[in-house]
Each structure stands twice: as C-alpha cells, then as structure tokens.
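Visitor: So the chains spell out like this:
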Amino acid sequence: MAVVTFSLKDFAANGISKDSLVDAIPRIGMEVEALSGEEIAIDITPNRPDLLDFTGLVRALKLFSGKTAPKDKEYVLQHEPEIEITVTKNVAKIRPYIAGLAAKGIDLSGERLKYLINFTEKLGDTYGRRRAKFSMGVYDLDSIKGRLTYDASADGRFVPLGLSGEMSFSEIVERHPKGVAYGGAISRDRARRAMMPFLSDGEKILALIPITNSESTKATTETRNIFIDITGTSRNTVMQVANLIACSMVDSGADVYPCRIKYRDAEVVSPELAPREIKIRGIRISKTLGVSIDGNQAISLANRAGYFSAKYGDSILVYVPPYRLDVLNDQDVIEDLAISYGYENISPVPVVGFSDGLAEDLREFTDSAALHMLGIGFSEALNTYLTNERVNFDNMLRPYRKDDVVGIAYSKTENITMLRTSILPGLLKSLGYSAHERMPQRLFESGSVFRMDKSRLIESSHLAFVSEHSKAYFSEAKGAVISMLGHLGIENYEIKAFSDPAFIEGRCAQVIAQGKQVAVFGELHPAVLSNFGLEEPVISAEITLIDKIEYNI
Amino acid sequence: MHIYEAKLLGALKGGSAGSLEELERSLGIGRDSILWAMENLSKQGAIKIDKRKEYAVSLTDEGSRDLSGFPEEELAASLLKSGRKADIKSIKDGIGLMWAKKNGWVTVSGDSAALTKEGESAASGSKPYALKETLKQIASGAGAVAGYVTSHDQQFDSLIRRKLITLRERQAISGISITDTGIRMLGSAPQDDGLISSMSREVIIGRKWETQKFKAYDPNEASEPVYPARLHPMHELINHVRSVWLNMGFIEVSGPIIESAFWNFDALFSPQDHPTRDMHDTFFLSNPSQIDIGDIALLGRVRSMHRKGWGEPWREGLAKKALLRTHTTSVSAHYIKKLSNELESSYPIKIFSVGKVFRNESIDYKHVAELYQTDGIIIGNNLTLANLKDVLTRFYSKLGLKPLFKPSYFPFVEPGLEAYYYDEQHKSFIELAGGGIIRKEIAKAMGTSKSILAWGIGVDRLMFNFLELNSLIDMYKNEVDWLRKRAELKI
Numbered sequence: 002m003a004v005v006t007f008s009l010k011d012f013a014a015n016g017i018s019k020d021s022l023v024d025a026i027p028r029i030g031m032e033v034e035a036l037s038g039e040e041i042a043i044d045i046t047p048n049r050p051d052l053l054d055f056t057g058l059v060r061a062l063k064l065f066s067g068k069t070a071p072k073d074k075e076y077v078l079q080h081e082p083e084i085e086i087t088v089t090k091n092v093a094k095i096r097p098y099i100a101g102l103a104a105k106g107i108d109l110s111g112e113r114l115k116y117l118i119n120f121t122e123k124l125g126d127t128y129g130r131r132r133a134k135f136s137m138g139v140y141d142l143d144s145i146k147g148r149l150t151y152d153a154s155a156d157g158r159f160v161p162l163g164l165s166g167e168m169s170f171s172e173i174v175e176r177h178p179k180g181v182a183y184g185g186a187i188s189r190d191r192a193r194r195a196m197m198p199f200l201s202d203g204e205k206i207l208a209l210i211p212i213t214n215s216e217s218t219k220a221t222t223e224t225r226n227i228f229i230d231i232t233g234t235s236r237n238t239v240m241q242v243a244n245l246i247a248c249s250m251v252d253s254g255a256d257v258y259p260c261r262i263k264y265r266d267a268e269v270v271s272p273e274l275a276p277r278e279i280k281i282r283g284i285r286i287s288k289t290l291g292v293s294i295d296g297n298q299a300i301s302l303a304n305r306a307g308y309f310s311a312k313y314g315d316s317i318l319v320y321v322p323p324y325r326l327d328v329l330n331d332q333d334v335i336e337d338l339a340i341s342y343g344y345e346n347i348s349p350v351p352v353v354g355f356s357d358g359l360a361e362d363l364r365e366f367t368d369s370a371a372l373h374m375l376g377i378g379f380s381e382a383l384n385t386y387l388t389n390e391r392v393n394f395d396n397m398l399r400p401y402r403k404d405d406v407v408g409i410a411y412s413k414t415e416n417i418t419m420l421r422t423s424i425l426p427g428l429l430k431s432l433g434y435s436a437h438e439r440m441p442q443r444l445f446e447s448g449s450v451f452r453m454d455k456s457r458l459i460e461s462s463h464l465a466f467v468s469e470h471s472k473a474y475f476s477e478a479k480g481a482v483i484s485m486l487g488h489l490g491i492e493n494y495e496i497k498a499f500s501d502p503a504f505i506e507g508r509c510a511q512v513i514a515q516g517k518q519v520a521v522f523g524e525l526h527p528a529v530l531s532n533f534g535l536e537e538p539v540i541s542a543e544i545t546l547i548d549k550i551e552y553n554i
Numbered sequence: 447m448h449i450y451e452a453k454l455l456g457a458l459k460g461g462s463a464g465s466l467e468e469l470e471r472s473l474g475i476g477r478d479s480i481l482w483a484m485e486n487l488s489k490q491g492a493i494k495i496d497k498r499k500e501y502a503v504s505l506t507d508e509g510s511r512d513l514s515g516f517p518e519e520e521l522a523a524s525l526l527k528s529g530r531k532a533d534i535k536s537i538k539d540g541i542g543l544m545w546a547k548k549n550g551w552v553t554v555s556g557d558s559a560a561l562t563k564e565g566e567s568a569a570s571g572s573k574p575y576a577l578k579e580t581l582k583q584i585a586s587g588a589g590a591v592a593g594y595v596t597s598h599d600q601q602f603d604s605l606i607r608r609k610l611i612t613l614r615e616r617q618a619i620s621g622i623s624i625t626d627t628g629i630r631m632l633g634s635a636p637q638d639d640g641l642i643s644s645m646s647r648e649v650i651i652g653r654k655w656e657t658q659k660f661k662a663y664d665p666n667e668a669s670e671p672v673y674p675a676r677l678h679p680m681h682e683l684i685n686h687v688r689s690v691w692l693n694m695g696f697i698e699v700s701g702p703i704i705e706s707a708f709w710n711f712d713a714l715f716s717p718q719d720h721p722t723r724d725m726h727d728t729f730f731l732s733n734p735s736q737i738d739i740g741d742i743a744l745l746g747r748v749r750s751m752h753r754k755g756w757g758e759p760w761r762e763g764l765a766k767k768a769l770l771r772t773h774t775t776s777v778s779a780h781y782i783k784k785l786s787n788e789l790e791s792s793y794p795i796k797i798f799s800v801g802k803v804f805r806n807e808s809i810d811y812k813h814v815a816e817l818y819q820t821d822g823i824i825i826g827n828n829l830t831l832a833n834l835k836d837v838l839t840r841f842y843s844k845l846g847l848k849p850l851f852k853p854s855y856f857p858f859v860e861p862g863l864e865a866y867y868y869d870e871q872h873k874s875f876i877e878l879a880g881g882g883i884i885r886k887e888i889a890k891a892m893g894t895s896k897s898i899l900a901w902g903i904g905v906d907r908l909m910f911n912f913l914e915l916n917s918l919i920d921m922y923k924n925e926v927d928w929l930r931k932r933a934e935l936k937i
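As you go down the protein sequences, you meet chains A and B in turn.
The numbering used here applies: residue 2 is where the first sequence begins, and numbers increase by one.
The numbering used here applies: residue 447 is where the second sequence begins, and numbers increase by one.
Among the hints, erroneous ones may be present.
[Unchecked claim] Lysine-lysine pairs mimicking DSS-like chemistry, simulated, CA-CA at most 30 Å apart: (1) A:Lys134 - B:Lys784; (2) A:Lys549 - B:Lys784; (3) A:Lys280 - B:Lys890; (4) B:Lys890 - A:Lys430; (5) B:Lys931 - A:Lys472; (6) B:Lys890 - A:Lys413; (7) B:Lys578 - A:Lys413; (8) A:Lys413 - B:Lys784.
If you are wondering where the hints come from, they were derived from the structure by calculation, not from laboratory data.
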C-alpha cells in the first residue's frame with residue numbers, strides 16, 4: 002500500500018469538504034491514514050494507481066458523490082503526434098520500452114507541480130517496483146529542442162536536477178542520492194548496468210534513466226507546457242501508464258499531444274487512449290452482490306464508478322476509462338458497482354444449505370494429549386517455530402548438521418535462521434525467564450518440529466515437557482512418560498538406556514515401540530541448564546506424537 | 447503461621463536480604479520452600495520483594511576475536527606505520543574505518559584517510575581503548591554476580607550493536623525486606639499449649655481426640671495458593687475460534703506451513719513481481735530451496751491465468767521457490783483444487799483452517815514474525831457478497847464483536863472486502879478480516895466453475911480484546927508466573 006498526502010485546502014477548492022472526504026475515502030475502499038488540521042494522508046490499495054494522483058482522486062470522489070458524470074469519448078486523442086522518439090538498439094537488453102506525451106497549457110502553480118512530481122515518484126516506487134519495471138520523468142517541453150533519442154551509453158555528462166555542476170553517469174550512480182537509491186533499477190543484472198539508458202534531444206542529455214533528469218529541462222510552477230516520458234521493461238505497462246497520465250492531464254485542463262515512438266522494427270503512438278468496452282449481464286450483478294439491481298440502477302451505479310455506460314438488452318455495456326489499469330473483466334466492474342451501491346447497504350443473507358461441522362483428527366489427537374498433560378499438572382507453553390542453531394543445538398550440546406535442518410535464506414532478525422527440530426529448547430528458554438518464581442515449575446508444549454532427511458522434508462508432531470525443582474529426578478520423567486504412553490494406547494514398548502548429550506550420561510532413556518523411538522527422557526545435563534540460565538535440576542522428555550505428518554491435500 | 451514463614455520473618459527482622467542465595471544460606475531450608483513462604487508472606491503484606499532485570503552477558507565469536515584488537519585499532523596501528531596517511535581504497539576493512547572515523551581517530555578527505563592525534567595515542571597504546579576495556583572486563587567476568595550483571599551502559603550497548611556480545615535477560619529478586627505487618631505477625635508466633643495441632647493417624651487410632659482438644663485455626667491464615675495447570679491463552683483462543691466455525695457447520699482442515707510460492711502466491715493470482723514476494727517480507731528457505739509442484743496441467747492453467755491477467759511472462763522457477771506460508775489462504779487454495787470435483791448434492795461445502803503464518807519482520811514489542819490466522823471458504827452456487835457479510839457477522843458476533851464492512855483489495859478476490867470494528871476504548875477503527883469472492887480465473891485454474899467465498903482473519907490481534915496484554919511478544923515468553931496467574935479470557 003502507498004500513502005499519499007494532500008492539503009485539505011486543495012480538496013476544498015474542488016468542492017470537497019473535510020467531512021465528506023473522511024466519509025468517502027473508506028467507502029471507495031481506501032483508508033485515512035492520518036488527518037491533521039491542514040493535511041490528509043490516504044492509504045491507496047495497489048490496484049488503483051490512478052488514485053495516487055490528486056487529480057485522479059478528486060475525479061473519483063466527484064464521480065462517487067454524483068457531482069459529475071462520465072461522458073462519452075471523454076479521453077480521446079485530439080491531436081497528431083508532435084514529438085518523435087527514436088529508440089536505439091542499445092536499450093534493448095536493459096530497458097527496452099518508452100512512451101511519452103506532451104501536455105500544453107497546464108497550470109502547475111500552487112501545490113500542483115509538487116503533486117504531479119509526487120505522483121510520478123510514488124507511481125514509480127509502487128506500481129513501477131522501485132522504478133525497475135517503469136519510471137517517469139517530467140520536463141519543461143519548451144526546453145527540448147529537436148528530436149528525441151532513447152539510447153544507452155557507458156558514460157555521459159550533464160547537470161543533474163537541483164545541482165549546478167556536471168556529473169558523469171557513473172558518478173551519479175555511485176554518489177548522487179537518487180543514483181544510490183535507484184542505480185540497481187537500471188538492471189537486475191550487474192553486468193548489464195555497464196550501459197546506462199538516457200534520453201537526449203540531440204543537443205543535450207535530458208535524463209539519466211531511471212535516476213534523474215537534467216537541471217536544464219526542469220519544470221517549475223510557471224511552466225505551461227510539459228513533456229513526460231515513461232520507460233520500462235514491459236511494453237504493455239509503459240503504454241498503460243501513458244494512458245493513465247494522459248487522462249490526468251486532460252482532467253487538469255491541458256491539451257494532450259501524443260508521441261511517435263520509433264523502434265527498430267515498429268512504430269507506435271503513445272498514449273493510445275483506445276476505447277475499451279465490457280458487457281455485463283444484469284443477472285451477474287445481482288448474483289454477485291446478493292441484491293436485486295435493475296438495468297437503470299446498474300447504469301447509475303456504473304456512472305458513479307466512472308464508467309460511461311448504456312443498456313444492452315439484459316446487459317449493460319460499460320466503457321472502461323483509460324486511467325483504469327486494474328480492470329481485467331466484468332468481475333472488476335461489478336466490484337465497482339458494489340462500491341457505488343455501498344457495502345454497508347448490502348444486507349447479510351445466510352448461505353442456503355445444511356452442513357455438518359467436523360473437527361480435524363490431527364488437532365483432536367494433539368489436543369487430547371495436551372489435556373492429559375494438564376491432568377498431570379503441567380501448564381502449556383507456546384514457543385515459536387523459528388529459532389537458531391545456538392538455541393536449538395549449541396545450548397543443548399547437540400551436534401548441528403546444516404543439511405538436516407530447514408534453513409531460512411534471509412531473515413531481518415539475526416536470531417532467526419531455521420525451524421526448530423525439537424520443542425525442548427523453547428521450554429528451557431521459558432523456564433529461564435522465570436528462574437525466581439515458585440517451584441516446582443512444570444511446562445509442556447506440543448506442536449510441529451521439522452527436519453530434512455536427505456532431501457526429504459519431514460514435519461513431525463512432538464510433545465515435550467519439563468519439570469524444574471530441587472527434587473526433579475529421573476523417576477518423575479519416567480512416570481510422566483509412561484502415563485502419556487498409556488494415554489496414547491502404546492502398550493508394547495521397551496525402555497532402554499540412551500545417550501543424548503543434552504542429558505546426564507546414565508540418566509537418560511529412550512522408549513522404543515514397534516522398532517521406532519517414540520520418546521527420550523531423563524535428567525538434563527548441568528551444562529545445558531547453565532546455558533539456559535537455570536539453577537535448579539530439570540527433568541524432561543520429548544515424545545513423538547506423529548512421526549511424519551501427511552496433509553490431506 | 448507455618449514454621450518456614452516464621453523462620454523467614456525472623457531472619458528478615460534481623461536485616462533485609464539481598465538475594466535468595468543469602469536466605470538459603472542463613473535459613474538452611476531449600477529454595478522451593480523459601481519461594482513458597484515468600485509468596486504467602488508477600489500476599490499478606492508481611493514482606494516486600496523487589497525485582498529487577500538481570501543480564502547474562504557472553505562474547506560472540508567476533509567478540510572473542512576482537513579481544514586481541516579491534517579492527518579500528520589495527521587500522522590506526524597500520525596508519526601509524528605507513529606515515530599516518532593512506533589511500534582510502536587501500537583500506538579493506540570498512541568496519542574498522544567506520545569506527546575509527548566515529549572515534550575521531552581518522553579523518554577522511556577525498557580519497558585519503560589521515561590519522562589524528564587521538565588516533566596516534568590509540569595506536570601507540572598510550573591511551574587504553576574504553577570499548578576494548580569493557581569487552582575485556584566482560585570476558586573476565588568482572589562486575590558480574592553469579593554470571594549476571596544488573597545494568598548495561600553505553601559501552602555495553604555499543605558492543606551489542608556491533609554484535610560482539612549478546613545479552614540474555616531474566617527477572618531476578620534483588621531484595622527482600624520485612625514490613626510493619628510482618629513484624630506484627632512475628633509477635634504473634636505460635637507456642638506449645640498442650641492442644642492437638644495436626645491431625646494424624648496417631649490422633650485417630652490412639653483416640654487422643656477423646657481427651658485432648660484441637661487447637662483452633664485462624665481461617666484467615668495464609669494457605670498455600672493452588673494454581674491449576676492451564677492451556678496457553680492462545681491455544682484457548684484458537685479452540686474458541688474453532689468451536690465457533692464448527693458450530694456454524696464448517697469442516698476443519700489444515701495444510702503445510704512450508705509451501706511453494708506457487709500455492710502461497712501464484713495459485714492466488716499474486717503477480718510474480720509483487721513486493722510481498724520480496725525476501726524482505728517473506729521467509730524464503732535455503733533448505734529446501736525449491737518445492738516441486740507436480741501437477742503439470744495445473745501449472746499450465748496457472749501460467750496462462752497469469753499471462754492473460756498481468757500481461758507479463760510467468761516463470762516456473764519463481765513459483766517453485768520454497769517459503770514459509772504468509773497466510774493460511776494457501777490451505778484454502780489447496781482445498782479449492784481438491785474439492786473441484788464433488789457431487790452436486792454436497793454443495794455448499796464449508797471449510798476452515800487455523801494455523802501459523804510467517805512474516806519476515808524486524809522483531810520488537812509490536813512486531814512478531816509468527817502469527818496465527820484462520821481462513822475459511824464456502825464453495826457453492828451463486829454465493830454473494832451478502833452471504834459473505836452474513837458469515838463474518840455471525841462469526842464475530844460469537845466473539846462479541848460487531849463488524850462493519852468496506853471495500854478492499856486482495857489480488858485473489860473480486861469483489862473484495864474488509865471487516866473492521868470501531869474500538870471504543872482507543873477511538874479507532876481496527877481491521878478484523880479480509881475476504882471476498884474468489885476470482886473466477888482462479889476457480890477455473892483450480893478446475894471448478896463454482897462460486898467461492900473466501901476470507902482470512904488474524905487471530906493474535908483478537909487476543910487484545912480478551913486479555914490484558916502489552917505486547918504479543920510477552921505472550922510467547924511463557925513466564926511461569928504469568929501462565930499460572932493470568933486472567934481468564936473475557937470472551
């Protein structure tokens with residue numbers, strides 16, 4: 002999600018009061034993030050890049066309130082292309098596509114220029130995936146001479162925006178704040194970054210793409226004619242974004258002039274602003290919302306969502322405005338009709354048809370084991386599955402073998418490196434927090450543990466318990482384990498002396514049933530206790546409830 | 447008064463104790479008994495127990511290495527040797543340079559680094575390096591009592607930030623003293639008066655009760671508190687949530703937490719370049735690094751759904767990446783596929799799951815990396831937004847909440863909604879659930895033409911409504927005292 006901030010004054014100038022704004026924002030599916038006396042911050046969902054734009058947001062709000070209605074052919078090309086951009090082969094492997102448009106007679110005074118720049122930057126950061134997928138630049142049209150070339154080069158020099166001295170491309174990438182931030186967006190592939198894309202008008206460099214424009218083409222609040230370029234890695238996306246920008250320009254009262262883009266093998270005109278229509282069956286609308294809606298009502302709902310529309314037999318025909326990049330098919334339009342209708346106005350209707358509830362066996366099984374532990378006086382703890390080899394292995398004096406654990410590739414938190422292979426370390430950590438509380442302290446936990454067996458991933462269900470007090474002896478562990486085996490219905494088992502470095506040698510045992518280990522228990526080794534900051538004896542056991550969980554999917 | 451209580455009060459009357467160890471030595475009774483007596487007496491206001499946080503400090507591998515010399519010291523020493531100046535590019539150790547600059551030992555102008563006066567005295571060893579002195583002290587165990595220190599200063603914090611030491615925290619008793627109430631109680635300690643004090647076998651079979659009277663007890667005297675063994679509050683809440691779904695006629699299912707990106711993202715129409723698929727938001731795995739999807743036909747359908755919907759190439763390699771699921775909607779996705787071919791009479795099919803989900807967060811008091819979620823789907827004919835509102839309204843009403851609804855966006859539903867409620871106490875809107883009608887492209891790719899309602903609900907958040915909690919982290923520390931004494935969930 003992206004947060005945009007606008008001045009309340011500017012909404013008021015468009016006839017939108019603070020109260021009506023705060024009321025409408027959630028109803029169109031967005032969220033008021035913060036509100037002060039002068040400003041409002043709004044969280045925009047990623048499907049609606051058009052609302053990152055002040056002009057687009059005002060347009061949507063006015064339509065939603067019914068103050069304006071969409072018109073037929075509202076956003077169409079009125080002029081022939083005046084600008085030509087030649088694309089060289091040098092950009093083909095880095096950032097092959099460009100679109101552009103000129104807007105003449107635009108008013109950038111007051112906050113307007115700031116809003117436009119913020120919009121292009123926010124759009125590039127979010128929808129443009131931090132400019133890697135696409136980015137935009139805004140230029141003073143009158144500062145551009147001659148024909149444009151979209152090219153790439155190992156180096157070049159110009160004065161970046163806001164500076165007074167020339168810098169080379171590589172200096173910009175290494176040292177300029179925008180270069181540091183967006184240098185990586187030139188290409189994922191480091192080797193390809195050797196060639197850097199730029200736009201020039203034959204005389205000078207207009208921009209190092211996607212990093213910064215040149216100072217000499219800077220648009221100011223006095224600029225009346227601007228040029229905007231959109232470059233990126235997807236032809237479809239740059240063309241769509243050009244449409245989105247063009248609509249914003251039209252709504253700002255500017256005259257839009259398209260560009261002719263000359264690729265080596267094709268020529269296209271951007272923006273296209275091609276008309277698009279979607280037919281929606283009336284019955285689909287009612288059946289999706291659960292509310293009966295007739296044709297006329299559907300048209301008025303569509304209008305309030307910005308679709309110019311008409312009845313078409315039992316269906317309605319809606320024209321998708323070119324600024325809507327998210328509308329794939331009728332479902333998306335129906336959601337917009339629902340938004341116009343108001344989610345709060347849809348009355349809940351129960352789902353028809355009887356069904357039996359059924360709890361899952363796996364859960365019932367582990368829950369009954371948990372109840373057994375409560376019955377013998379152990380309280381339940383819950384620890385995280387994520388852990389690290391220090392707690393899971395080193396503190397337990399158990400050997401760590403990287404290949405045998407489920408490893409995390411990257412974590413923001415240093416002490417998260419793997420999924421636990423045992424429940425016991427977590428319980429000992431919990432006891433460590435409570436060293437000075439009343440003894441005995443008895444805890445258990447049941448849940449999953451994970452391991453890799455060669456390249457096979459195995460999730461098991463375990464139950465472990467600990468008991469800490471001055472008379473915590475082997476026999477307490479054994480008694481509790483045997484009572485659990487009884488609960489689990491395991492009758493034929495064998496208890497054998499066992500060696501596990503976490504336990505005192507000679508005071509550890511394993512339980513074998515049907516040839517498999519089902520439990521290990523005993524008195525924990527003093528070194529293990531010290532590692533967890535424990536100062537009283539602790540006995541413990543770890544029992545395998547299910548050796549390999551198989552999901553029924 | 448119990449004999450241990452009397453002993454403890456007696457000992458404290460002579461002077462406060464600084465630690466449990468001290469009392470153990472002076473009373474000659476076990477720690478368990480002392481803790482029991484302390485708890486009783488503090489409940490009656492007879493003694494005062496002060497607690498504090500203590501820290502066990504240990505050196506990391508890097509910390510042990512740095513004992514012989516910090517990188518900034520080595521840098522200063524090498525600069526001293528090389529005429530107090532060096533080309534910055536020749537300095538390989540960036541960390542050393544950073545700290546040397548910070549300490550004012552080195553100044554950098556352009557490409558050249560120069561040693562300052564301070565740097566010289568550090569390099570020549572004429573002035574000891576405070577940070578290293580602190581590290582040495584820690585290594586020698588100085589300042590620690592039984593391995594624990596009670597405070598950590600700025601030098602400590604620097605060492606932690608540099609990952610040279612680690613701290614482990616615990617709650618500890620720092621002082622025990624007697625109060626006025628305690629002194630009064632001590633004055634009324636028991637004496638032998640020829641009455642039967644305790645019931646015993648001897649009293650019964652020796653018929654002592656015929657000749658001797660029983661000593662009367664003060665019913666208000668302290669008794670040993672009894673704590674039940676209890677489920678963890680999160681388990682209680684999960685069971686409550688489960689019982690609500692079960693009572694609403696839902697079938698419980700579960701699925702793996704280790705998933706392919708395919709089931710967590712691609713099957714749910716999340717575009718392959720979506721920011722949540724970045725390693726900074728999602729835990730991807732190094733072992734296993736890939737999970738095979740198996741079903742080639744399904745793969746083909748999901749591929750064409752993505753190509754058509756997003757107009758971008760779709761890479762199988764990205765879909766196979768192994769990760770920890772970010773939502774339980776992955777389980778719903780599996781079940782939409784699994785139940786795509788049921789008998790017509792079995793619809794509507796209602797399914798729910800509850801389970802852990804994972805987010806790659808920087809953990810602090812507000813953020814945890816593991817959360818619980820509950821997801822549900824209903825597969826049927828002509829299911830509507832009105833139906834979904836009904837399901838979620840019923841669910842939350844059983845938890846005492848009245849949800850409101852607004853539009854929202856998730857790539858896998860259209861229309862999409864968010865359920866939220868107004869928190870009177872905090873005067874703010876709190877998100878409860880996200881959901882909607884599964885996109886028909888997804889249903890089709892999974893092999894069904896039915897309509898499907900789907901939603902996901904954060905469970906942890908709900909805990910704040912039912913239990914007083916400062917942060918989620920506290921809940922997973924499992925402090926025994928808290929587990930024993932916590933309030934019941936107010937559902």
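Visitor: All hints, please: hold or fail.
Guide: Here is how each hint holds up against the structure:
1. Among the hinted pairs, A:Lys134 with B:Lys784 is inconsistent with the structure: their alpha-carbon atoms are about 36 Å apart, more than 30 Å.
2. Restraint check: the Cα-Cα separation between A:Lys549 and B:Lys784 comes to about 21 Å, which is no more than 30 Å; the hinted pair holds.
3. Restraint check: the Cα-Cα separation between A:Lys280 and B:Lys890 comes to about 20 Å, which is no more than 30 Å; the hinted pair holds.
4. Under the criterion of a C-alpha separation no larger than 30 Å, the hint pairing B:Lys890 with A:Lys430 is inconsistent with the structure, at around 48 Å.
5. With a C-alpha separation of about 24 Å, the suggested pairing of B:Lys931 with A:Lys472 holds against the 30 Å cut-off.
6. Among the hinted pairs, B:Lys890 with A:Lys413 is inconsistent with the structure: their alpha-carbon atoms are about 37 Å apart, more than 30 Å.
7. Our distance criterion of 30 Å between C-alpha atoms is met by B:Lys578 and A:Lys413, whose separation comes to about 28 Å.
8. Of the pairs offered as hints, the one joining A:Lys413 and B:Lys784 is violated, with about 35 Å between alpha carbons and a cut-off of 30 Å exceeded.
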